[in-house]
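Asks: Going down the list, the protein sequences come from chains F and C.
Residue numbers for the first sequence follow my numbering, beginning at 1 and rising by one.
Residue numbers for the second sequence follow my numbering, beginning at 1 and rising by one.
None of these hints come from the bench; they were simulated from the model.
It is possible that some hints are incorrect.
[To be verified] Partial list, derived from the structure: chain F residues whose beta carbon lies under 10 Å from chain C:
| no. | residue |
| --- | --- |
| 1 | A38 |
| 2 | G54 |
| 3 | R62 |
| 4 | G67 |
| 5 | T71 |
| 6 | T77 |
| 7 | G81 |
| 8 | R83 |
| 9 | A84 |
| 10 | K85 |
[Said to hold, decoys possible] The calculated lysine to any residue pairs, modelled on SDA-like cross-linking and capped at a C-alpha distance of 25 Å, are:
| no. | chain 1 | residue 1 | chain 2 | residue 2 |
| --- | --- | --- | --- | --- |
| 11 | F | K65 | C | L11 |
| 12 | C | K15 | C | A29 |
| 13 | F | K45 | C | G36 |
| 14 | F | K100 | F | S113 |
| 15 | C | K15 | F | E75 |
| 16 | F | K65 | C | K117 |
| 17 | F | K66 | C | A29 |
| 18 | F | K70 | C | P14 |
Only a predicted model underlies this, so the values are computations on that prediction, with no experimental measurement involved.
Beta carbons are placed, not taken as given, at the ideal position from N, Cα and C, and that holds for glycine.
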Amino acid sequence: LTKVPNYLHNAVHIMLGEFEYVLITVAAGLGECAYGAAIREEIEKVAARRCSIGALYTTIERLEKKGLLKTWMGEATAQRGGRAKRMVCVTPKGLHAAKKFYEAMMRVSRNASWATGKPGRAS
Amino acid sequence: MSSLAEMATILLAPKDRDPVLGDLAETGASGWGALGSVLGLVVRQQMELWRAWQPWVASGVAFAGSVLLLSVSFGLSVDSRHLLRGERGYGSVLCEALLMLSWAWTSGFVVGSLSGKTRWVSGILCAIPCLSCVLRFQDNSLSRLCVLLFLLPGVVGAVQGVRRARLSPMTALTLATAMTALILVWGGMYMQNWFLYLPAWWLVAHAKRSPPNEKVAA
């Protein structure tokens with residue numbers, strides 16, 4: 001009998017979308033200070049892209065349903081007009097999913113012309 | 001912060017209102033920009049709900065069930081008139097009335113349990129055939145509202161479906177079996193009537209898969 005190779009041994013169990021990955025990475029970087037407005041500001045600064053409140057909160061909700069994030073109501077500040085913050089924390093499952101996504105992207109990009117610096121084929 | 005944006009947050013879930021308004025205040029958003037942000041979130045949240053299959057099935061059941069139950073309600077009204085004239089027996093009309101009640105209730109229950117947050121779409125899809133039928137109603141001997149007899153049990157079922165999401169296996173099985181036995185006794189085995197059994201048997205299948213009293217509505 002020949003052993004059947006397990007091609008799926010490195011499969012990503014929860015495949016993240018690109019924005020989901022960005023959000024988890026930024027939230028993990030902010031640590032205990034991660035909440036809606038701070039995450040949004042950081043995404044706009046680091047990723048140099050506009051981030052709407054709609055995109056942010058629907059993605060937070062989706063990731064929370066998948067068990068990749070945990071949210072709770074935080075303190076209210078005068079700067080926010082006395083309104084509470086929605087604090088965000090990345091779960092161990094979320095960190096694992098982000099790590100898997102990063103590794104998958106690195107593997108996929110290994111031979112890409114923009115990664116190696118060599119000229120690639122253009123169709 | 002514009003008061004329009006604050007008013008628009010009524011469309012959001014209560015847990016989202018404070019964080020969203022706080023974020024807008026913190027970033028200095030005001031006027032139309034703030035309103036656009038809130039409405040953008042509302043639209044995205046609604047679109048997110050439609051990524052699941054449940055709202056689609058609920059909408060189909062609401063529309064098809066409404067169309068079929070309109071004719072069932074009309075048939076029941078006509079037969080009730082025949083009963084009053086002595087042209088029909090009590091048993092037959094009673095069977096028909098019980099079937100209409102159970103069809104409407106089970107359809108409403110399924111719609112409510114599958115589309116908790118998209119129930120307004122299911123409501124509109126149910127209302128369109130109702131409105132069209134009432135406006136085109138031509139039988140002068142009956143009230144045009146007689147076609148809407150199914151609405152009350154349907155709405156009661158939908159409200160209970162939103163609250164409970166599923167029935168216990170025994171209740172669902174008893175209900176579906178009783179309904180099937182009832183149509184065999186009554187004899188109205190038309191193709192469209194069998195479609196109205198799908199919600200009842202769906203409740204049986206759904207109740208079997210997981211324990212009752214566990215809220216899973218969308």
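Asks: All hints, please: hold or fail.
Replies: Do the hints match the structure? See the list:
1. A38: holds, 9 Å
2. G54: holds, 4 Å
3. R62: With a closest approach of 7 Å, the R62(F) hint holds.
4. G67: Violated. Min distance 16 Å.
5. T71: holds, 9 Å
6. T77: T77(F) check passes; min Cβ-Cβ to chain C is 8 Å, inside 10 Å.
7. G81: At about 4 Å, which falls below the 10 Å cut-off, the nearest Cβ of chain C leaves the hint on G81(F) intact, so it holds.
8. R83: holds, 3 Å
9. A84: holds, 5 Å
10. K85: holds, 6 Å
11. K65(F) with L11(C): Roughly 21 Å separates the two Cα atoms, so the pair holds.
12. K15(C) with A29(C): holds, 20 Å
13. K45(F) with G36(C): Judged against 25 Å, a Cα distance of about 22 Å means the pair holds.
14. K100(F) with S113(F): OK: K100(F) and S113(F) at ~22 Å, within 25 Å.
15. K15(C) with E75(F): With Cα atoms ~14 Å apart, K15(C) and E75(F) stay inside 25 Å; holds.
16. K65(F) with K117(C): Holds. K65(F) to K117(C) sits at ~16 Å (cutoff 25 Å).
17. K66(F) with A29(C): Not satisfied, since the Cα-Cα distance of roughly 31 Å exceeds 25 Å.
18. K70(F) with P14(C): This hinted pair holds, its Cα atoms lying about 18 Å apart.
Hint compliance for this structure: hints 4, 17 are not met, and every other hint is.
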